[in-house]
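**Q** If you read the sequences in order, they're chains U and D.
Under my numbering, think of the first position of the first sequence as 1, with each following residue one higher.
Under my numbering, think of the first position of the second sequence as 1001, with each following residue one higher.
What the hints contain is simulated information worked out from the structure, not anything from laboratory work.
Among these hints, one or two may not hold up.
Straight-line Cα separation of at most 27 Å, BS3-like style, residue types lysine-lysine; simulated pairs [claimed, not checked]:
(1) D:K1110 - U:K146
(2) D:K1100 - D:K1110
(3) D:K1056 - U:K304
(4) D:K1110 - U:K419
(5) U:K25 - D:K1110
(6) U:K64 - D:K1124
(7) D:K1142 - U:K304
(8) U:K76 - D:K1036
(9) D:K1124 - U:K152
(10) U:K304 - D:K1100
(11) D:K1124 - U:K112
(12) U:K94 - D:K1110
(13) U:K661 - U:K732
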Amino acid sequence: MAQPFMKKDDDDEEAEYSPFLGIEKGAVLQEARVFNDPQLDPRRCSQVITKLLYLLNQGETFTKTEATEVFFAVTKLFQSRDIGLRRMVYLIIKELSPCADEVIIVTSSLMKDMNSKTDMYRANAIRVLCRITDGTLLTQIERYLKQAIVDKNPVVASAALVSGIHLLQTNPEIVKRWSNEVQEAVQSRAALVQFHALAVLHQIRQNDRLAVSKLVTSLTRGSVRSPLAQCLLIRYTSQVIHESTSNLQTGERPFFDYLESCLRHKAEMVILEAARAITELNGVTSRELTPAITVLQLFLSSSKPVLRFAAVRTLNKVAMTHPMAVTNCNIDMESLISDQNRSIATLAITTLLKTGNELSVDRLMKQITNFMSDIADEFKIVVVEAIRSLCLKFPLKYRSLMNFLSNILREEGGFEYKKAIIDSIVILIRDIPEAKESGLLHLCEFIEDCEFTYLSTQILHFLGIEGPKTSDPSKYIRYIYNRVHLENATVRASAVSTLAKFGAMVESLKPRIFVLLRRCLFDSDDEVRDRATLYLNTLGGDGSEVETSAITNEFLFGSLEVPLVNLETSLKNYEPSDESFDINSVPKEIKSQPLAEKKAPGKKPTAGLAAPPSGPATTTDAYERLLSSIAEFSSFGKLFKSSAPVELTEAGTEYAVNVVKHIFDSHVVFQYNCNNTIPEVLLENVAVIVDSSDAEEFSEVASKPLRSLPYNSPGQTFVAFEKPDGVPAVGKFSNNLKFIVKEVDPSTGEAEEDGVEDEYQLEDLEVVAADYMLKVGVSNFRNAWEVMGADFERVDEYGLGPRESLAEAVNAVIDLLGMQPCEGTEVVPSNSRSHSCLLSGVYIGNVKVLVRLSLGIDGQRDVAMKLAVRSEDESVSDAIHEIVASG
Amino acid sequence: MLLAVLFANSEGNILVERFNGVPAEERLHWRSFLVKLGAENLKGAKNEELLVACHKSVYIVYTVLGDVSIYVVGKDEYDELALSEVIFVITSAVKDVCVKPPTERLFLDKYGKICLCLDEIVWKGYLENTDKERIKRLIRLKPPVDF
């Protein structure tokens, strides 16, 4: 790893020696003293600046003192009239990014340049000033910036416009005032000015749908010169189309003609953008798709790799929803499998896997096998996932696909890649019964030589569940017992548990399993010994021949019924005391949204390759701690569920408010997370006045206002309601934010003493049936369904009316019930006419509920659904049906 | 947003790197990712032949010019097509400054000018100028001819 980052100066080849050979920060800083010479040598100064730039570009950092010293010295260079040097000075000032109290030194020089008669001084001064300035200075130079936007020199106009894009992040309210000038710049004859102006104008108006729609309407009629601007316009147009759902019945789609005309544009970039926009239209028809697919097909054989990549990437996406539309391109795509550029080849393969028919599978697999050996792991993973879906689509082909997976499993590869293969095999075993035995044997062979402990334990666990149910369970024992000899303690412990499962579930194997388990009693690891002892005693291995009861099985191998992450967090939070740890206190909810995650200051969304999301359990805990710390709510008992935050204001408004609904047995608490986004005001006594006249069963019992809400520091206010105990009452609440506004002096940051009372209308809020359902998954739905029994089963059929797609209908039912989809059944394969979805949850009163949905869609897109509910309580099963019937 | 522009020599040593909107702690990761990508794929590539890759919603277009490999990384509106435009401007500007596809030595000799060109092409994550003739004038503080 260290090798690539060695600085160039480590290279000691004499002939090609670098002009920066042996460069050293201290020496360069010394050299920078030439900036202070009374007789400036522009050439020398430029060389020193270049060295400083080289250091900065190599990741070198300057201490505060060093940076300040260099910066002050650089400002002296404004005295020189040398043009080349001045250009370097502009650049180095931006790179040094001086702090606010130093900026003042150059402000006057830059302001002078900004009004210079030399256009290029103006453009550069604008760029530097906007880079280093803060809000207060900005108001002073705003007038010049507005002039610059409409400057006749395109470089000056672009400098001001791109500054505008950056300033929108920090001072949006100022940039929004430039709307008229920017509007004028959009009409500019200079292509780049138009491009930049369009980007700024859209950002200024992005929260105003009508304005964006008007902008698009006027520009699609006119002539946009730059291809880059044309691409932006296509993006904005598809956004407008996406938001307007009108006229779908009549088949007329607004702006479609415009998009289609862009397919004939002379710039390839515009053609591709338009084709992409068309393929991404909601409910796109084959007639609409055809022209787009045709141009994409042409690009597949382009000589430019970027065009081939763009085309195949778009077709890959289309293949997910409209595989038939892409089949025409299959021949062109097959030739891309040997493309030099591996990203293109991978996309081509995965697209072919989606569009191929049953007959072409074998041929395709042959081609892929050759290809797999020379691509990187991350591409291989994509291919493995595509093969998994292909196998689920054509279950009859499981043999060749399973063989392919087991072959690549034997080859070299990293953890993520191997995990992807294992996951795929496990899914195939689960969904294709015929594939089970061969799949299990492939897994057994893999663990014989597996270097990843995690994967070995996962496979052993899976073998324990599936192995005993096969025709000849005994053939797996050898592989499992080998682990006890050959592996580390974690895998050995896992193997012991798996052996025990075979013993518990297969009576005939029991005596032989006991022999093996007894050998484990002398293991060097205590966990392995403990497990062996536990299993031997509970399963009767101590000599007494007993039938393994269901209770023993449940005790030994049943699930904990709480998510492990939540259990882990609760255990970490548990402080040793007289009161023992209570597993019932562990929250069962799986997902929850982080508290007021909306605008964490200073944390902008970044490009992060893979930043892990914060753990889910902490939020539930945080809510519980927060609520129990408030005296008014401490008597409400145990928190049943907290909803995800519901936005009560639109994005970009002056006060941002969202609400979290906390459900208790006989109370509901609304937690309003408020954020004040205006720097010049302070809010005090912030409370939400709730009108519950449309929620008859609720009566307000407490309200906890927020004393003060300064700029950009979120706070919470609460309102609590009482409701009938254990009843899933529903209702609608209207909300009004009430507060005292005080103006803040921007120079001192102090608020005025007197304030004005004000109100702010928020969106309505509903408590719905899903709020009384916890998303709690089960690991094996079929088992859980059978264990629950048919005593309180309720089955009924429903017509869901015309729907956009089956997937949309499934999601609507899941949202309505608020339950956890199991075993990945929430994913509806594209183009399928019927689908089954399994849901599980816990209803208020801690009643377990399981649901099987079977849906079908007909030619008119009418969806019919059969709903089977099993629960521990008859009334709850009925309640679920009522929710669906009334939803 | 144009997230990064990076120049490296044939051994993977960094010559110029400019990140925009990428947190400091992720930069090292990006640097090694890009250099590795180049090492795996750029061998035998012709001058200015574009290679392209994507990782989640981030796109990368890269190429080789003389002894120097050039990478640009972008997301959202800076997809592979926009990036190919950006890298085209960068390569033409570098060729112009160095007169030919540069050796590493030549590149370093013209380092200051190349930095100025980059400053004209990309400004904190946004494409600003696309015409090499104009850029050539702008780095000498001369107004564009076409105006």
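**Q** Regarding the pair K25 of chain U and K1110 of chain D, is the alpha-carbon distance no greater than 27 Å?
**A** holds, 20 Å
**Q** Does the structure keep K1124 of chain D and K152 of chain U at a Cα separation of 27 Å or less?
**A** Distance of about 24 Å is within 27 Å: holds.
**Q** Within 27 Å, alpha carbon to alpha carbon, are K64 of chain U and K1124 of chain D?
**A** holds, 22 Å
**Q** Quickly compare the C-alpha distance for K1110 of chain D and K419 of chain U to 27 Å and report which way the hint goes.
**A** violated, 48 Å
**Q** Given the hinted pair K76 of chain U and K1036 of chain D, is their alpha-carbon gap at most 27 Å?
**A** Status violated; Cα separation ~43 Å.
**Q** Quick one, are K1056 of chain D and K304 of chain U close enough, alpha carbons at most 27 Å?
**A** holds, 22 Å
**Q** Would the hint linking K1124 of chain D and K112 of chain U be met if the CA-CA limit is 27 Å?
**A** holds, 24 Å
**Q** Keeping to a limit of 27 Å between CA atoms, is the pair of K304 of chain U and K1100 of chain D held or broken?
**A** holds, 22 Å
**Q** With a cut-off of 27 Å on the C-alpha distance, tell me whether K94 of chain U and K1110 of chain D pass.
**A** The hint holds at about 20 Å.
**Q** Within a Cα-Cα threshold of 27 Å, do K661 of chain U and K732 of chain U meet the stated pairing?
**A** holds, 13 Å
**Q** Holds or violated: K1142 of chain D and K304 of chain U, Cα atoms, limit 27 Å.
**A** violated, 34 Å
**Q** What's the verdict on K1110 of chain D and K146 of chain U, does the C-alpha distance respect the 27 Å limit or exceed it?
**A** Given pair K1110 of chain D, K146 of chain U is violated - Cα atoms ~36 Å apart, limit 27 Å.
Hint compliance for this structure: hints 1, 4, 7 and 8 are broken, all remaining hints hold.
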